[in-house]
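**Q** Protein chains in written order, with the numbering used here: chain V, 720 to 833; chain W, -13 to 102.
Honestly, I wouldn't trust all of these hints.
Stated by the list, open to error - Short, incomplete list of chain W residues facing chain V, as computed with Cβ under 8 angstroms: (1) 32; (2) 34; (3) 52; (4) 54; (5) 72; (6) 90; (7) 95.
Just so you know, these hints were derived from the structure itself, not from any lab. Backbone N, C-alpha and C define an ideal beta-carbon position, used for all residues, glycine too.
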Amino acid sequence: DAGITQSPRHKVTETGTPVTLRCHQTENHRYMYWYRQDPGHGLRLIHYSYGVKDTDKGEVSDGYSVSRSKTEDFLLTLESATSSQTSVYFCAISEGNKEAETQYFGPGTRLLVL
Amino acid sequence: GDSVTQMEGPVTLSEEAFLTINCTYTATGYPSLFWYVQYPGEGLQLLLKATKADDKGSNKGFEATYRKETTSFHLEKGSVQVSDSAVYFCALSARWYGGSQGNLIFGKGTKLSVKP
């Protein structure tokens, strides 16, 4: 358990509405990540952060933005949700040195966009 | 680009059977390799990892050996239990000359069902 919580755990929203998912960690990890999980695709990186106010795009970043104003919180925002963003979203942190770093995942947020 | 290919499921086995889930990768640099497990309704848990060629990762009776010559990291267990029923993901973390790109590349996952 790497001390990662995600909120909300489940959300149903309508197309066109903004949605913000929160990832919270308690162990002062520098690197944080947002992935989405879809059947047939495994997990794919949306955005990641390498420090407060330092973020970068991942493989599937279109339609998403992130913010990290303090070390413990990494927010993922869907500015205008679409049905294609229905997915399970996982936050992760990275632990260890560069030669042996390992990612640990939160419990996930299940998002349904109607 | 970097990629991971793992055998497609679902895989159905009887309790105490031998398990192999194949995983191969392509990567530039010197990747670390991982197996994660996802039980129904839960997040991903690290099962085992290997950080360099010929390393063997092991945990809970599962093991996998980092084979650079065949670019493989196959997951094995000698005797599966009903409680091993889950989805298994192979992943790599690409590194460039000692640095880290910072993200994992995942296979699509293999669902394992073990029957009593």
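**Q** If a hint holds in the structure, say so; if it does not, say that too.
**A** Hint by hint, here is what the structure shows:
Taken as an interface hint, residue 32 of chain W checks out: its beta carbon lies about 6 angstroms from the nearest beta carbon of chain V, inside 8 angstroms. Given the 8 angstroms rule on beta carbons, the hint for residue 34 of chain W is violated: about 10 angstroms separates it from the nearest Cβ of chain V. At a threshold of 8 angstroms, the smallest CB-CB gap from residue 52 of chain W to chain V is about 13 angstroms, leaving the interface hint violated. Using the Cβ-Cβ criterion of 8 angstroms, the hint placing residue 54 of chain W at the interface with chain V is not satisfied: the shortest such distance is roughly 16 angstroms.
Given the 8 angstroms rule on beta carbons, the hint for residue 72 of chain W is violated: about 14 angstroms separates it from the nearest Cβ of chain V. This hint holds: residue 90 of chain W has a C-beta 6 angstroms from the nearest C-beta of chain V, less than the 8 angstroms allowed. For residue 95 of chain W, the interface hint holds, since its Cβ comes within 8 angstroms of a Cβ in chain V; the closest pair sits about 5 angstroms apart.
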